[in-house]
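> Given next are the chains, with one letter for each unit.
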Amino acid sequence: EVQLVESGGGLVQPGGSLRLSCAASGFTFSSYWMTWVRQAPGKGLEWVANMIQDGSAKYYVESVKGRFTISRDNAKNSLYLQMSRLRVEDTAVYYCARGRQLDYWGQGTLVTVSS
Amino acid sequence: DIQMTQSPSSLSASVGDRVTITCRASQSMSTYLNWYQQKPGKAPKLLIYAASSLQSGVPSRFSGSGSGTDFTLSISSLQPEDFATYYCQQTYSTPPDTFGQGTKLEIK
Chain A
595 EVQLVESGGG LVQPGGSLRL SCAASGFTFS SYWMTWVRQA PGKGLEWVAN MIQDGSAKYY
655 VESVKGRFTI SRDNAKNSLY LQMSRLRVED TAVYYCARGR QLDYWGQGTL VTVSS
Chain B
4 DIQMTQSPSS LSASVGDRVT ITCRASQSMS TYLNWYQQKP GKAPKLLIYA ASSLQSGVPS
64 RFSGSGSGTD FTLSISSLQP EDFATYYCQQ TYSTPPDTFG QGTKLEIK
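Protein chains in written order, with the numbering used here: chain A, 595 to 709; chain B, 4 to 111.
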């Protein structure tokens, strides 16, 4: 059974940093693109970043470029999102999802940026 | 960036109705279009990929069509569990793999 489990969310002050993790199981992690998607409270889905299987290519939405870094450890079946210089508008539930078609999703982890 | 516009933004319908949701892209994108369903407090679920391919396990009352700039998601006979928010997403041009703004399907 495919499972994606996010962790690392919490309350952080504006300008702070946070690292999200996504633990994958039930499939060959190293064979798939992986994606982060977020959803602000009461709002729609926003694609944040994705990366290719071997990590050689990474892509970001403009609003997080230079502040967020997506990475992966295929040996640990894990995906990460390092977030720095956080802003109030980054407050959202962050989901990791498999592939570019997003056929499996985690349950999400809430990031709250507030003073 | 490719912009995705869904219509309507909200829709009221009854159990048994046939409903159609439209997604329009700001530029042609072949069939690189996915549809997701999201229920409150839950992660989204993939329904349709590549514009018209039904994801495994999704009921056959869901169908997708379209290519280029205009796409539709249809539900042939609404069931109580279908009341949710639906999103389209393009994967033709990355970054970003843009989502539409969502269509909330409510019970009439």
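Simulated from the structure, these hints should not be mistaken for laboratory data. Small disclaimer: the values here were computed from a predicted structure and weren't measured. Some hints here could point you the wrong way.
[As the list claims (entries may be wrong)] Some but not every residue of chain A turned toward chain B, in silico, with C-beta under 8 Å:
#: 1; residue: Val606
#: 2; residue: Tyr626
#: 3; residue: Leu639
#: 4; residue: Glu640
#: 5; residue: Tyr654
#: 6; residue: Gly702
#: 7; residue: Leu704
Ideal Cβ positions, reconstructed from N, Cα and C, are used throughout, including at glycine.
> Against each hint, give a clear statement of whether it holds in the structure.
Status of each hint after checking the structure:
The criterion of a C-beta within 8 Å of any C-beta in chain B is not met by Val606/A, whose closest approach is roughly 22 Å, and the hint is violated. Evaluation of the Tyr626/A hint against chain B yields a violated restraint, the C-beta minimum of about 14 Å exceeding 8 Å. For the restraint placing Leu639/A at the interface with chain B, the shortest Cβ-Cβ distance is roughly 4 Å, inside the 8 Å limit, so the hint holds. About 7 Å separates the beta-carbon of Glu640/A from the nearest beta-carbon of chain B, less than 8 Å, and the hint is met.
Proximity of Tyr654/A to chain B holds as hinted, the smallest CB-CB distance being about 6 Å (cut-off 8 Å). Checking Gly702/A against chain B: minimum C-beta separation of about 6 Å stays under 8 Å; hint holds. Among the interface hints, the one on Leu704/A is violated; its C-beta lies about 12 Å from the nearest C-beta in chain B, farther than the 8 Å criterion.
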